[in-house]
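Residue numbers in the sequence shown follow this note's numbering, run continuously in steps of one, and reach 298 at the last position.
These are calculated hints, taken from the structure and not from any lab test. Idealized CB from N, CA, C, for every residue including glycine. Watch out, some of these pointers could steer you wrong.
What the hints assert, rightly or not - Simulated restraints, written as ranges between beta carbons of each label pair:
id: 1; residue 1: Tyr-213; residue 2: Phe-242; range: 20 to 28 Å
id: 2; residue 1: Lys-273; residue 2: Val-222; range: 17 to 25 Å
id: 3; residue 1: Ala-262; residue 2: Val-217; range: 17 to 25 Å
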Amino acid sequence: MKPLVTIYWIRVALSIVAAAISAIVATMQNATDLYTFLNGITIALLIYLLSYYVLKAKFMNKVEKQSKIMTMGIFIYFIAWAVFFILFYSIMH
206 MKPLVTIYWI RVALSIVAAA ISAIVATMQN ATDLYTFLNG ITIALLIYLL SYYVLKAKFM
266 NKVEKQSKIM TMGIFIYFIA WAVFFILFYS IMH
């Protein structure tokens with residue numbers, strides 16, 4: 206697999222993990238509180254940023270433009286996170 210394709214699928218998998226963690230945290234809080242949603246977004250952002258630094262170290266010499274490591278899979282990450290967060294939260298609640 207090409208490095209950018211690998212980065213893409215790693216981000217998809219990490220979005221599902223982030224959604225599961227966010228849903229667990231959300232079930233421990235008040236569902237109508239704005240901070241519940243903001244905590245979920247914060248968890249998703251933290252995991253995305255951590256994945257950037259890990260993937261940058263791993264794929265630094267394999268990708269032509271270093272900015273592609275940051276932007277590859279960003280849209281699918283947050284869309285998948287939202288879908289799986291809603292799914293996991295609905296199942297747990």
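Status of the hints after comparison with the structure:
1. The hint said 20 to 28 Å for the Cβ distance between Tyr-213 and Phe-242, and at roughly 26 Å that hint holds.
2. In this structure the hint that Lys-273 and Val-222 lie 17 to 25 Å apart at CB holds, the actual value being about 22 Å.
3. The given range of 17 to 25 Å is respected by Ala-262 and Val-217, whose C-beta atoms sit roughly 20 Å from each other.
Of the hints listed earlier, there is not a single one the structure fails to meet.
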